[in-house]
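Engineer: Whole structure, please, built from the sequences with the hints as guidance.
Each chain, letter by letter, is given below.
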Amino acid sequence: MTFYDRGTILPGLIIGLCLFLSPFIYNGGKAGKAPVPELTPKAKEAKQCVAPKPYMTAWHMQLLDNWRQEVVREGSRYFNANQDLWWNNQFDGQLLEKWRRFITSSDASTPGATGKTYYKSLQVTCMECHSNKSKFCDECHNYLGVSPYCWDCHVQPKEDKQ
Amino acid sequence: MNFILGMVIAAIGMGPVVMIPLVGVGLLKLNFFFGVIVPYAALAIFVIGMIYRVMNWSRSPVPYRIPTTAGQEFSYPWIKSNPIDNPKNTYGVVARMIFEVLTFRSLFRHTKLEYRNTETGPKIDYEWEKWLWLAALAFHYSFLVIFLRHFRFFMDPVPGFVLILEKLDGFMQLGLLPINGLGAPGVYLTDMLLMLALTYLLLRRIYIPQVRYISLPADYFPLFLILTLGTTGILMRYLIRVDITAVKELAIGLFTFHPVAPAGIGVIFYVHLFCLCVLISYFPFSKLCHMAGIFLSPTRNLANTSRIVRHVNPWNYPVKFHTYEAYENEFREHMIEAGLPVEKGLDSEPAKEAEE
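Chain order of the listed sequences is A and B.
Under this note's numbering, the letters of the first sequence match residues 1 to 162, in that order.
Under this note's numbering, the letters of the second sequence match residues 1 to 356, in that order.
No wet-lab data here; the hints were simulated from the structure.
In this text, a Cβ means the ideal position worked out from N, Cα and C, and glycines have one as well.
Some hints could be false.
Quick list of in silico lysine to aspartate or glutamate cross-link-like pairs, EDC-like style, CA-CA up to 20 Å [stated by the list, open to error]:
1) Lys287(B) with Glu100(B)
2) Lys158(A) with Glu38(A)
3) Lys88(B) with Asp138(A)
4) Lys167(B) with Asp138(A)
5) Lys135(A) with Glu45(A)
6) Lys167(B) with Asp5(A)
7) Lys344(B) with Glu333(B)
8) Lys167(B) with Asp65(A)
Label pairs and their in silico Cβ distance ranges [stated by the list, open to error]:
9) Pro148(A) with Leu148(B): 51 to 57 Å
10) Asp5(A) with Leu174(B): 45 to 51 Å
11) Leu17(A) with Pro259(B): 42 to 48 Å
12) Ser121(A) with His110(B): 55 to 61 Å
Structural biologist: Laid out in C-alpha cells, this is it:
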C-alpha cells in the first residue's frame, strides 16, 4: 500500500489531531479539584440561603439580576422566599415547573423553605453572610473563567483576614 | 429524493439523539455511561476515523497538476500574472490556502444563475451569491469561537485566550432578552450568530428550488444536529441552568483520564453532550470531514507548474526498449545479404551502399 505525500500529510494530520486533543496535553493528566465555596460561620448558622442550595448554585446570577431590575426599575425592595422566586409569578403553570424539575434533575426549583423576607441587596444582604468573597465567590468564578461585573459598580467588601 | 422525505429521514435520525440521553439519564440514571463511556467512545471514533479518512485519501496518487486556474498564469515577466489565484510555486499555494481556509475565497466568488424578468422576456443574470458566503463565514467563525470558549471547561487553569474571547464575545453585557429573568448571564454574540446563520443555511436549502433538489438527508442531518447542539447549549446557559462547577468537574475528569460523573447535573447537559458525541463520531464519515479535506484538495493545494516543470508519471514502469541500432547490430549480415540499406557496414566501416 502506497501513501503519497507522506511528508506533508502526516505532519498535518498530527498537528490537527494535537490541536483537537490539546486539553489532554494542557492538563497533563492532573487538574485542580472542583472548588467548594467556603461558608462563613454566619452563613452556616443561617442554614438556608434565600433559596435552596441547588437553585442558588445554578441560578444566583439571575436572582441577583432580577433583584437589580426590581429595585432599580420598580422600587420593590423586599423579597419573600416563598412567593417571589421568578417562575412562581412570571410563569403560571405546574407543568412547566415539573418539566423544569425533570430537565434539571434536581429539586433546584423547590421554593425556599424559610418563608422569610429579605432586603434585596447584594452588599447588605448577600455579603453579610458571604463576607468571604475570595473564598466564596471567586473560587468557582476563577475555576470556570467567569468574570461577573458586580464589582465594577458595587463597593467590594473588605475581608477580615483570619 | 423528495426534499420533505429527506428532511423526515434526517429528523428520524435526530429523534434518538435527543431521546436516548433523555431516557438514559432522566429515567434510568445512567450518568456514568452517558457522561464518561459515550464521550470516550465518540472521541476514539473521531480520532481513528480521521486518521483512517486522511490516510485513505493519501493513497490516491495525484500525478498531474489540476489546480483551478482563476487568474492569469505566470509566463513572461512582462505579462501580468496572478500569483494567488494561479500560483506558480509553494508560496502562492500557501497564500491561496490561507485565503481559502480563513475567508472562503472560492465561495466568495460563487455566482448563481437567475432569471430576471424584463419587458422583452426573461433575461439571464449571474448574481453574486454573497449571502451563502456570509452565512457560511458567520457560521464557521461562530462555531470556532464557541468551541474555543468551551475550553474553559476542558482546561484547568483557564487559559488567557479563553478569557479574552469571553470578554470580546460578551462585550454587550446584555441578557438574552430585556425581560426580568432573562437579564443574566450575559449573552454571547456568537451564540446568536451561530443560530441565525444555521437557520439561514437550512431555509436556503428549503427555499431555493435547485438547492432543494440536490439536498439529501446527509445535508439536513448535520444542520439539525448542530441546531440541536446550539439550542441545548443556549437553553442551558440562559433558561434551564445546570451546576456548571459539576459540569467542569466532569469535563476535566474526561480530559485528565480520571473520569467522574458528579451527581446533580441536569438532563439537558447530557442531551447537549450526547449531541456532541454523535457529531464528532459522525464527523469522519460525513461531509463534515471537509475540515480535513480542504487541505487535501488538489484543485487548491497544487501550484500550476504544468508547463514550468516536467512532470513524470510516478507509476511509469520500466519499458524494455529495442533501438534501431541494436536491431541493426543483430541482423546486419542478413540485411546486407538481402540487399537492404544499413547504416553501418560489416567491418564497422561506413557501407558504400548506404552512402550511395
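Engineer: Confirm or reject each hint.
Structural biologist: Now the hints, each set against the structure:
1. With a CA separation close to 17 Å, the supplied pair Lys287(B) and Glu100(B) stays within the 20 Å bound.
2. Between the alpha carbons of Lys158(A) and Glu38(A) the distance comes to roughly 17 Å, so the proposed pair stays at or under 20 Å and holds.
3. For the hint linking Lys88(B) to Asp138(A), the alpha-carbon distance of about 56 Å lies beyond 20 Å, and the restraint is violated.
4. With a C-alpha separation of about 17 Å, the suggested pair Lys167(B) and Asp138(A) falls inside the 20 Å cut-off, and the hint holds.
5. In summary, the hint linking Lys135(A) to Glu45(A) is supported, as the alpha carbons are separated by about 18 Å, within the 20 Å threshold.
6. Annotation: proposed proximity of Lys167(B) to Asp5(A) is violated, straight-line Cα distance about 42 Å (limit 20 Å).
7. For the hint pairing Lys344(B) with Glu333(B), the CA-to-CA distance comes to about 11 Å; that is within 20 Å, so the pair holds.
8. Distance hint between Lys167(B) and Asp65(A) is fulfilled; the C-alpha atoms sit about 19 Å from each other, no more than 20 Å.
9. Checking the proposed 51 to 57 Å range against Pro148(A) and Leu148(B) shows it is violated: the Cβ atoms sit about 21 Å from each other.
10. For Asp5(A) and Leu174(B), the hinted distance range of 45 to 51 Å is satisfied, since their beta carbons lie about 49 Å from each other.
11. The hinted window of 42 to 48 Å between Leu17(A) and Pro259(B) is violated, with their beta carbons roughly 21 Å apart.
12. At roughly 57 Å, the beta carbons of Ser121(A) and His110(B) sit within the given window of 55 to 61 Å.
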